Amino acid sequence: MDGKVILQKTSPQPSRSRFSLGRLLLTVFLLVIVIADLFPLIWLIDFSLLKSGDFFGSDILIWPDPPMWKNYKDAFINAHIPLLFFNSVFVCLISILVIIACSILLGYAFTRMEWRGRKTFFSLFMVGMIIPIYSTLLPNFIIFNKFGIIDTYWALILPYIAFSIPLSMFIMTGFMETLPRAVEEAAVIDGLNVWGIIFRIILPMLKPAIATVTVIAFLNCWNEFIMAVTYIDSDTFRTLPFAVVYFMGQYSSNYGAQFAVLSIIALPTVIIYLLFTDQITEGITSGAVKG
Amino acid sequence: MHTILGSRRTVFLLVTPGFLLFACMIFVPITASFYYSLTDWNGTGEYSLTWLENYKALMSDEVFWKALINSLLLGIGLVFLQHPIAILMAMIVTYTGRWEKFMRVVIFIPAIISTFVTSKLWVSVFNTQFGMLNNALTMAGLESWRQDWLGDSTLAILCIIFVCMWQGFGYAFLLYYAGVKGVPNDLYEAAYLDGASKFQVNFHVVLPLLTPVLRINLVLAVISAFKQMETVYLMTGGGPANSTEFLSTYLYSKAFREALYGYGNAISILLVVICLIITVFMNRVIRRDVGEF
Chain W
1 MDGKVILQKT SPQPSRSRFS LGRLLLTVFL LVIVIADLFP LIWLIDFSLL KSGDFFGSDI
61 LIWPDPPMWK NYKDAFINAH IPLLFFNSVF VCLISILVII ACSILLGYAF TRMEWRGRKT
121 FFSLFMVGMI IPIYSTLLPN FIIFNKFGII DTYWALILPY IAFSIPLSMF IMTGFMETLP
181 RAVEEAAVID GLNVWGIIFR IILPMLKPAI ATVTVIAFLN CWNEFIMAVT YIDSDTFRTL
241 PFAVVYFMGQ YSSNYGAQFA VLSIIALPTV IIYLLFTDQI TEGITSGAVK G
Chain V
1 MHTILGSRRT VFLLVTPGFL LFACMIFVPI TASFYYSLTD WNGTGEYSLT WLENYKALMS
61 DEVFWKALIN SLLLGIGLVF LQHPIAILMA MIVTYTGRWE KFMRVVIFIP AIISTFVTSK
121 LWVSVFNTQF GMLNNALTMA GLESWRQDWL GDSTLAILCI IFVCMWQGFG YAFLLYYAGV
181 KGVPNDLYEA AYLDGASKFQ VNFHVVLPLL TPVLRINLVL AVISAFKQME TVYLMTGGGP
241 ANSTEFLSTY LYSKAFREAL YGYGNAISIL LVVICLIITV FMNRVIRRDV GEF
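Read top to bottom, the protein sequences are chains W and V. According to the numbering used here, the first sequence is numbered sequentially starting from 1. According to the numbering used here, the second sequence is numbered sequentially starting from 1.
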C-alpha cells in the first residue's frame, strides 16, 4: 500500500457541526490526549528557562520571569555542547550515507536481480529486525575491544548502520517494486549495465524513498543512547546525550542548565519531524502494513 | 536483460557491502556471545569452559525470572491497554475534520523525542520533592496520596509500564491509523446506506479489516516488551531492589557493573532465543485465529 495515498484520502464522513453531549465528551477526550502528548515538551522548555531556585515551587508550570537564557549559555559552555553536537551530527551523517547506499544496492538486488538464495538472504535480514539490539551490546563491546575500535567513531557508526539496514532495505524494496521496469529494459537495449541503470535511472526516481530512509535513520541514530554511553569513553568522541551526564556530576544543582541540555537534544528531532511528517509516517507504516 | 540481471558478479557486489556490515554487527557478535556464555570469563585474564553452568545458574536466578515477569507485564499492558486505545484513537481521529492532521502530528511527538529526554522528564515528574505528580496531588487536596513513585517496588514497575506505553503510543496509533485510512470509502458509504451507526461501522466493518495490521502489531508489541531497555535503564536502572529489572538491564548490570561476562552473555543469548520463540509462536497462534474469520 502506498502510504501517501492513504494519508491524503478524505475522511469517511464529513463531520456534522451539530452540538451534542457525545461530541463534547469526545472533544474533551481528545484534548486530554493532546495535553498528555504535548505537555512534557512544553514543560521541558518552560523549565529550561527557569532559575534553579524556582524548581522547588509547588506550581506545575512556572512562568519564567525573566526567561533565563543564561541556562542555554551555561549548557553550551560547561557541557561542551558544540563538540558533542558535532560528534552527533558526524556519526549520524556517515551512518545515513552508508545506510542509503547499502539499502539501494540491496533493494535493487532483491527486486530486479535473479539469483538463487534471494529469499534466504531476505529472511536473514528480516530475522535481524527481531533480534534485540542490546543482546549484541556485550559481545560487540568485547569484539570492538579486540579490534581496537572501542572509543572511536566507528564503534557507533558500524552498529548504527547495521541496525538500520533491515528497515531501510525494506522501505527501498517496497518502493522499487512500484517503479516501472520498462525504462530499465529500454536502457539495457541502449547498452547500459546494472550500475548505469542504478545511478542514472533508478536513483533519480528513488528520491521519496531516500527521504524516508534518511529521516528514520536520523531519528534512530540521533536518539540512540545506550551504545553511545557503553562504547565511548573519552570526551573527544562523545555524542549529545552525554551532555546531561556532565551536569549530573559536576553541576548537579544547576537544574535549569540540565533542562536546557535536554531541550537542545530534543529540538532537532522535533524540527525534523515537523518538516518531514509524511515521510516518517510513510516509512513506519510501509514496514508494518506490508508485513 | 536476463544475462545482465542474472550476473552473479553483480549480485555479489550489490549484496556484499550491506550483508557484510549487517552480519558482522549482528550474527558474528551473537555467535561470539554464545561461545562466551559457555565460559566463566570475568572480563580480564584467563577463563575456562564451564559449558552450561551459566544457564543452570540463570534458571535458579530469581532476578532473571523477575525480569521475565516484568517483560510479560509490560507486554500485557501493551496488548490490552495501549493497543485498544490506539485503535480507538485511530478511528476517532478520522472524524476530527480539519484537526485530523494536527492530531496525527501531536500523537506521534513523544515517539520521536529521544528516550533519554523523555525518561529524564518522567523521572522529574515522579520526583518525590518537586515532582509534578506529587504537586498536582497536593493541589487537588489529595496530600495523602503523595508517593515515592519510583522508590516503591510495586509502584516503580507500574510507572515504568506507563511511561513505556506513553512513549510507544505514537507508533501503535500510526500503524492502526494507516490501516483505518486504507479501508475503502465505498465500504463506509454502503454501511451508512444500510443504516449502520458510526459505532457499528467502526466495530463491524473497520475493525475486522484491521486484523492483518493487528496481527503484526501485536507480535511487534510483545517483542518490544522483551527488548525494552532504555526507559528502564534511565528511570530506575532496574531498582529498587531489582524490582524493575528487565532482561537487557539485568544483562547490562551483570556485564558492565559486575564484569561477569560469561553470565551476561548467557542472558544475551536467552534474550535472542526468547524473542525468536515469541515471534514464531505468536505468528502461529494469531494466524490460526484469523483463519476462522
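Keep in mind that the hints were calculated from the coordinates and are not lab data. Given the structure is predicted, the values throughout are model-derived calculations rather than measurements. Treat the hints with care, as some may be off.
[As the list claims (entries may be wrong)] Quick list of in silico lysine to aspartate or glutamate cross-link-like pairs, DMTMM-like style, CA-CA up to 20 Å:
#1 Lys73(W) <-> Asp46(W)
#2 Lys146(W) <-> Asp186(V)
#3 Lys56(V) <-> Glu258(V)
#4 Lys70(W) <-> Asp46(W)
#5 Lys101(V) <-> Asp278(W)
#6 Lys198(V) <-> Asp186(V)
#7 Lys146(W) <-> Asp40(V)
#8 Lys66(V) <-> Asp40(V)
#9 Lys146(W) <-> Asp233(W)
[Unchecked claim] Stretch-level coverage of chain V by chain W, calculated; a stretch enters the list once three of its residues show a Cβ under 8 Å from a Cβ in chain W:
#10 46 to 60
#11 72 to 82
#12 222 to 230
#13 248 to 261
#14 265 to 276
For every residue, glycine included, the Cβ atom is placed at its ideal position computed from N, Cα and C.
Lys146(W) paired with Asp233(W) [C-alpha distance capped at 20 Å]: 16 Å, holds
Per-stretch coverage check for the segment 265 to 276 of chain V, three Cβ contacts closer than 8 Å to chain W: holds (count 7)
Lys73(W) paired with Asp46(W) [C-alpha distance capped at 20 Å]: Roughly 16 Å between the alpha carbons, so the hint for Lys73(W) and Asp46(W) holds.
Coverage of the segment 222 to 230 of chain V by chain W, judged on three or more residues with CB within 8 Å: holds (count 5)
Chain W over the segment 248 to 261 of chain V, status - at least 3 residues with CB closer than 8 Å: holds (count 6)
Residues of the segment 72 to 82 of chain V with Cβ under 8 Å from chain W, three needed, outcome: violated (count 0)
Restraint check for Lys146(W) with Asp40(V), where alpha carbons must lie at most 20 Å apart: Roughly 18 Å between the alpha carbons, so the hint for Lys146(W) and Asp40(V) holds.
Hinted pair Lys101(V) and Asp278(W), Cα distance within 20 Å: 10 Å, holds
Coverage claim, chain W over the segment 46 to 60 of chain V, checked by counting residues with Cβ within 8 Å (three needed): violated (count 0)
Proposed proximity, Asp40(V) with Lys66(V) (alpha carbon, max 20 Å): 23 Å, violated
Lys56(V) paired with Glu258(V) [C-alpha distance capped at 20 Å]: 19 Å, holds
Agreement of Lys198(V) and Asp186(V) with the hint, judged by alpha carbon distance not exceeding 20 Å: Between Lys198(V) and Asp186(V) the Cα gap is close to 14 Å, so the pair holds against 20 Å.
When the structure is compared with the earlier hints, violations turn up for hints 2, 8, 10 and 11 and for no others.
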